[in-house]
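*Asks:* Single-letter residue listing:
2 protein chains.
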Amino acid sequence: MPRTAGIILVGNEILSGKVIDANASYLCRELRALGVEVRRISVIPDEVDLIAAEARRFGTDYDVVFTSGGVGPTHDDVTIEGVARAAGVRVIRHPALVALLEGFYKGALTEAHLKMAEVPDGAELLVDESVRFPTILMGNVYVLPGVPEIFRRKFDAIRERFRDQPIFLKNVFVSIGEGILADHLNALVREYPDLLCGSYPEFSNPEYKVKVTLESRDLAFLDMALAELLKRLPADSVVRVA
Amino acid sequence: MPRTAGIILVGNEILSGKVIDANASYLCRELRALGVEVRRISVIPDEVDLIAAEARRFGTDYDVVFTSGGVGPTHDDVTIEGVARAAGVRVIRHPALVALLEGFYKGALTEAHLKMAEVPDGAELLVDESVRFPTILMGNVYVLPGVPEIFRRKFDAIRERFRDQPIFLKNVFVSIGEGILADHLNALVREYPDLLCGSYPEFSNPEYKVKVTLESRDLAFLDMALAELLKRLPADSVVRVA
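Listed in order, the protein sequences are those of chains D and H.
Quick note: the first sequence uses this note's numbering, first residue 1, plus one each step.
Quick note: the second sequence uses this note's numbering, first residue 1, plus one each step.
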């Protein structure tokens with residue numbers, strides 16, 4: 001069974017237009033390359049109840065879930081509490097994380113810093129030498145930070161866990177509009193119902209009018225579908241296949 | 001009551017990492033400037049059932065809802081059907097849109113083009129001279145296209161509908177880390193529970209360590225909260241207020 005993923009961005013700063021997401025877009029590209037199908041992204045406010053509801057729902061609906069943001073020492077960092085509530089467990093202070101923070105902050109460690117040692121009771125710590133702070137895994141929910149540099153470093157440290165059968169992609173760039181193309185695509189998806197087929201018009205691109213994407217985990221099937229589409233399309237309408 | 005919004009991106013191409021969203025990020029910034037609070041963004045696949053469920057839920061939860069993408073003549077354009085199903089109505093071919101398409105495509109009009117004349121039964125057409133094609137409004141759901149240039153043009157044509165009391169923002173840039181800052185912010189939000197207060201660390205910025213954002217629709221209240229924060233913060237820790 002292909003593996004599915006959901007992404008929860010805990011992001012007042014995104015919703016209020018102050019910051020443009022960089023983490024979901026990174027994760028979508030990386031997960032796709034690993035063969036994982038992202039089925040949903042939610043951007044929600046930094047509010048415990050909403051995070052809890054979303055983590056619970058995503059945890060049930062998808063094989064793996066990633067959260068981004070809302071971890072840290074300040075009042076608006078409530079993701080850990082939300083993920084704990086979703087799992088119906090308490091938040092505890094993890095001794096290994098306390099030790100790590102003590103080593104890092106030395107005498108300057110504050111109560112607020114110690115908030116970063118909090119995890120949902122029963123969470124697993126994923127330790128990797130490439131990252132200073134382990135990644136918290138609660139059930140199937142991976143808790144990642146919001147700062148993009150750290151988000152990427154932490155995801156890269158765990159990425160091989162998610163490698164699945166690859167999803168193969170063919171792009172067909174055509175010089176005809178969607179109005180003409182539609183009948184050909186309808187016929188194609190009727191004949192190949194398992195094919196993932198997208199159609200993306202470009203309105204200011206001189207090279208082509210529509211990019212058609214064909215995707216499958218089965219390369220032989222994909223090649224057959226591609227051949228079928230190319231046979232159906234009017235002569236000279238195919239600009240490029242890539 | 002402040003007006004809330006939800007954004008639904010119908011976006012296989014975003015979930016599969018092929019395209020980076022430009023519409024939700026645009027809309028979040030614009031709506032915020034208009035005084036509208038975006039409460040949630042969902043990115044979901046181009047699947048009728050999912051669109052219907054999301055449009056129904058968003059339509060109930062938020063004052064206004066925007067969809068982006070999934071409108072057009074091809075098999076993967078199923079947003080209209082999803083929005084109709086959410087409202088429990090049929091999809092009909094709108095005579096005014098048929099006439100518009102006939103005028104535009106002249107003799108080259110295909111059955112597939114006519115799919116773009118489909119609307120949920122009972123939808124309103126928002127006509128504006130700046131856009132060729134009216135925007136479809138079903139209940140409180142505004143159906144917008146996925147192509148960013150057209151998305152923006154269509155939103156800009158209707159933006160004044162959404163103008164509300166402005167949300168004022170003050171940014172305080174500080175040279176102390178979140179571990180020290182946290183206590184001050186906690187005290188501040190205890191004293192000003194209605195204040196929207198965010199804390200955003202920067203790890204590679206030489207100018208400051210954390211950006212603190214204070215927001216309110218009440219400018220006098222915001223100024224008081226800002227004065228309170230500045231009084232609380234250690235001397236010399238404030239780099240800049242903007």
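In short, the hints are calculated from the structure, not lab data.
Positions of the beta carbon are idealized from the N, C-alpha and C atoms, including for glycine.
There's no promise every hint is true.
Derived lysine to aspartate or glutamate pairs resembling DMTMM-like cross-links, with alpha carbons at most 25 Å apart [to be verified]:
hint: 1; chain 1: D; residue 1: K18; chain 2: H; residue 2: E207
hint: 2; chain 1: D; residue 1: K18; chain 2: D; residue 2: D63
hint: 3; chain 1: H; residue 1: K211; chain 2: D; residue 2: E129
hint: 4; chain 1: D; residue 1: K18; chain 2: H; residue 2: E202
hint: 5; chain 1: D; residue 1: K18; chain 2: H; residue 2: D128
hint: 6; chain 1: D; residue 1: K170; chain 2: D; residue 2: E149
hint: 7; chain 1: D; residue 1: K106; chain 2: H; residue 2: E160
Label-pair restraints from in silico Cβ distances [to be verified]:
hint: 8; chain 1: D; residue 1: R232; chain 2: H; residue 2: R3; range: 45 to 55 Å
hint: 9; chain 1: H; residue 1: A235; chain 2: D; residue 2: F203; range: 54 to 64 Å
hint: 10; chain 1: H; residue 1: P234; chain 2: D; residue 2: R217; range: 50 to 60 Å
hint: 11; chain 1: H; residue 1: R3; chain 2: D; residue 2: G122; range: 34 to 44 Å
hint: 12; chain 1: D; residue 1: R232; chain 2: H; residue 2: R57; range: 53 to 63 Å
hint: 13; chain 1: D; residue 1: R93; chain 2: H; residue 2: R3; range: 39 to 49 Å
Some but not every residue of chain H turned toward chain D, in silico, with C-beta under 7 Å [stated by the list, open to error]:
hint: 14; residue: S25
hint: 15; residue: T74
hint: 16; residue: H75
hint: 17; residue: G122
hint: 18; residue: L125
hint: 19; residue: I176
hint: 20; residue: A182
*Asks:* Hints first: check each against the structure and report whether it holds.
*Replies:* Hint-by-hint comparison with the structure:
1. D:K18 - H:E207: holds, 19 Å
2. D:K18 - D:D63: violated, 31 Å
3. H:K211 - D:E129: violated, 30 Å
4. D:K18 - H:E202: holds, 14 Å
5. D:K18 - H:D128: violated, 29 Å
6. D:K170 - D:E149: Not satisfied, since the Cα-Cα distance of roughly 31 Å exceeds 25 Å.
7. D:K106 - H:E160: Outside the cut-off at roughly 54 Å; violated.
8. D:R232 - H:R3: 45 to 55 Å: holds, 48 Å
9. H:A235 - D:F203: 54 to 64 Å: holds, 56 Å
10. H:P234 - D:R217: 50 to 60 Å: The hinted range 50 to 60 Å holds for P234 of chain H and R217 of chain D, with Cβ atoms some 57 Å apart.
11. H:R3 - D:G122: 34 to 44 Å: Cβ of R3 of chain H to Cβ of G122 of chain D: about 41 Å, so the range 34 to 44 Å holds.
12. D:R232 - H:R57: 53 to 63 Å: Violated: the Cβ-Cβ distance is about 39 Å, outside 53 to 63 Å.
13. D:R93 - H:R3: 39 to 49 Å: Hint holds: Cβ distance 41 Å, inside 39 to 49 Å.
14. S25: It holds, given that the least Cβ distance between S25 of chain H and chain D is near 5 Å, below 7 Å.
15. T74: It holds, given that the least Cβ distance between T74 of chain H and chain D is near 4 Å, below 7 Å.
16. H75: This interface hint holds because 5 Å falls under the 7 Å limit.
17. G122: violated, 26 Å
18. L125: Where the cut-off is 7 Å and the nearest Cβ of chain D is about 20 Å from L125 of chain H, the hint is violated.
19. I176: Hint violated; I176 of chain H Cβ to chain D Cβ min 11 Å, cut 7 Å.
20. A182: holds, 3 Å
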